[in-house]
Amino acid sequence: MRARSYLRGAVAALVAAILALPAMASGAIAAPTSVATRSASARQALRFWTPERMRRARPLDSPAPRRPRLARSSTSPSADGEGRGVEADSEARSEFAEVDDPTAPGFRQNGVIFIVVPGGFGLGRCSGTSVNSPNRSVVVTAGHCVNPGGSRHWFNSDWVFVPGYHDGVRPFGVFAARWLGATAPWVEEGSENADVGAAVVGRNERGRLLGEAVGGDGIAFGLPPGQVFDVHGYPVEAPFDGATQRICAGSPFLGHDLASFLWRGPLNLAISCDVTGGASGGGWTIHGNVLNSVTNYGYGDDRRTDFGSYFGGAVRALYEKAASVR
Amino acid sequence: MRGRRTVAALLALAALPCIAAPAGAAQQVRPARQLYAGLARLNGQLALMGQGSSTLGLPPGRTLSELRFRNHDGYTISVLALGQTVALDVSRARFGARPQGDRRRKLRERVAETTYLAHGRVTRRSIAASFGELGRVALRFRPSGRDVHATRKAGCRKPNGAVIAKLGSFEGRLSFRGEGGYTSVEARRVPGRSVDLTALLACVLGVSPKDGAALPQSHAPLGIRLPGLVAQRGGSGGPGVPSTPTHPSGGPRSTTLVADRKEALARLVFAAQVQGGGRPRFLAVDQASVGSIGIVRLAYVRGAAHELSFDDSLSSGAVQPPPPFRGSAELRRGPHDAKSWSGSLAVSFLGAPDVPLAGAPFGAWLSQGF
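Top line first, the protein sequences correspond to chains X and P. Heads up, the first sequence is in my numbering, so the first residue is 1 and it goes up one at a time. Heads up, the second sequence is in my numbering, so the first residue is 1 and it goes up one at a time.
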């Protein structure tokens with residue numbers, strides 16, 4: 001893979017422009033649904049989520065194993081703010097390559113979500129992204145990482161976000177959720193077109209807000225689907241092990257899943273990336289660090305295609321609700 | 001990652017005609033059980049072709065709008081709207097003799113059908129959707145005042161008299177031109193109906209969707225079971241492992257040959273099936289997402305006994321089906337369970353002629369059930 005830099009000013013202007021864009025979806029957008037969690041504090045969560053429990057956590061709804069096609073890649077953003085865009089090429093597209101340093105700026109806002117699955121179903125995990133917001137505490141992930149879909153049950157017990165996680169290390173601490181939410185189509189019907197969730201997390205055990213500790217990505221809504229995405233995540237299943245962060249750099253939009261036509265909400269997005277279980281909820285970024293989708297699902301007999309939700313009005317409503325939580 | 005919702009969705013097409021009223025009889029009242037059976041077949045079609053844990057769900061409005069008519073060129077045109085999904089279906093079927101002892105139905109000899117899926121704006125009274133360069137639908141429902149009620153005569157388990165379906169017509173504009181101009185439609189007023197799914201499920205099942213009732217499912221589109229493709233939910237990946245149980249019944253054995261080609265946004269399946277020494281049936285389905293529309297094409301034909309052959313050990317099989325198929329293909333099992341599926345077999349779908357159905361990109365398998 002070949003790194004390509006962007007001018008700082010140009011990136012900043014573009015991000016600002018994207019953030020200013022209005023949602024594209026028309027008509028009334030159903031309000032997202034949400035719930036307060038039972039996690040009392042980061043210290044309690046830290047006591048519960050021992051390294052051993054983190055290792056035992058399994059992906060929610062594990063997908064098929066993927067072929068080992070690993071390569072190191074991804075240029076970390078430089079200190080002067082240059083982007084980390086990686087040129088799209090056929091060789092790079094589907095490789096879920098290991099990130100050199102998950103704690104580096106530009107990568108540290110991505111992390112692992114650990115979940116106690118209700119009903120005695122054990123310990124689960126997903127991926128998520130810290131996103132800029134006034135409360136500096138918003139994590140965006142897949143809807144099925146906070147709610148099973150078509151259900152009023154929430155994964156609201158000991159739900160934590162560990163940004164920059166690698167090899168059992170929690171370099172920026174643990175952030176326990178105090179609020180979970182998901183788009184209305186996901187909660188009401190389990191629509192895969194709207195499989196997006198969010199959390200508002202409390203301070204870590206050192207008393208710092210998430211945004212203070214690791215910063216956050218921008219987030220954009222209502223853009224044309226034909227973007228080129230960097231796909232982040234922590235895949236657990238073979239050939240990966242969930243130990244560190246990975247990225248599929250420069251994956252262009254391929255089209256919409258056929259099933260997407262049967263579900264409520266904007267048609268979803270397909271890109272080429274060899275993700276496996278555990279990568280669910282991982283951020284799809286554009287133009288460097290602007291979140292514009294998350295990993296939702298894949299098919300067992302097509303191991304190279306990753307599907308994510310379009311960020312339209314329903315996701316915007318979810319984000320705005322999360323960002324307004326105090 | 002959330003696993004694999006199938007999509008094979010497309011088979012939606014094949015399902016549409018079952019829900020719609022027979023051509024020329026759209027204003028006739030049909031019993032609730034017929035409506036329900038149509039839904040079962042629709043969802044079965046959607047679940048076909050694999051991985052599917054999710055097919056059509058009940059939309060918030062729980063209203064299904066449908067219209068159907070015979071076009072001037074002989075094709076049957078139907079439009080179905082459910083939730084945000086609008087499906088425009090073009091089909092033509094040829095029927096054979098009635099089966100012995102069954103005076104009520106005829107067997108399909110040959111079916112050609114293509115369904116186009118789009119997201120549109122759907123309300124209880126209107127359907128609006130664009131199918132890109134192929135056409136668009138902008139219709140408003142005008143009830144005629146004739147309704148289908150939840151009665152015992154209609155087949156309701158709990159006949160409470162509720163309105164299950166309103167009959168009437170859709171007015172506005174339906175314009176469509178199939179790829180290559182295989183059909184062309186311009187309609188301003190067509191018969192149709194608006195079905196209350198909540199009332200229908202309550203009538204037939206005696207329960208409310210709030211109590212967990214869902215749209216019914218069947219996994220045998222056009223009567224063909226496709227082992228290894230339907231309801232494949234696990235993480236093992238790839239077809240080849242039958243996922244639907246079979247039970248010894250004492251009847252003739254069913255032998256099925258399936259070839260499958262999967263790409264990121266498309267899937268092509270060929271199946272040949274025979275019961276005992278009867279006439280084999282051949283099915284091809286091509287489903288793809290193309291820009292902002294989804295397309296499912298289906299071709300089905302009943303052949304002659306010699307057009308599907310296989311040995312007793314199921315180590316090899318060969319097909320040479322009649323039109324719309326052409327050519328032949330052969331499945332051979334080699335050492336270590338390696339298989340080859342080769343030949344000149346191709347099919348012509350409505351809007352997509354001469355689509356190859358054999359060669360290296362396909363996985364293929366031959367199986368036998370009871």
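Just so you know, these hints were derived from the structure itself, not from any lab. All figures in this text were calculated on a predicted structure; none of them were measured in a lab. Just to be clear, a hint being listed does not mean it is correct.
[Stated by the list, open to error] Just so you have them, the derived chain P footprint on chain X, three or more residues with Cβ under 8 angstroms:
hint, region
1, 253 to 260
2, 264 to 275
3, 299 to 305
Just so it is clear, CB atoms sit at the ideal spot from N, CA and C, and this is done for glycine as well.
Structure-based check of all given hints:
Figure legend: the region 253 to 260 of chain X, annotated as covered by chain P; annotation consistent (7 residues with Cβ-Cβ distances under 8 angstroms, at least 3 required). Counting residues of the region 264 to 275 of chain X whose beta-carbon sits less than 8 angstroms from any beta-carbon of chain P gives 7, enough to reach three: the coverage restraint holds. Beta-carbon proximity to chain P at under 8 angstroms applies to 7 residues in the region 299 to 305 of chain X; the threshold of 3 is reached and the given coverage holds.
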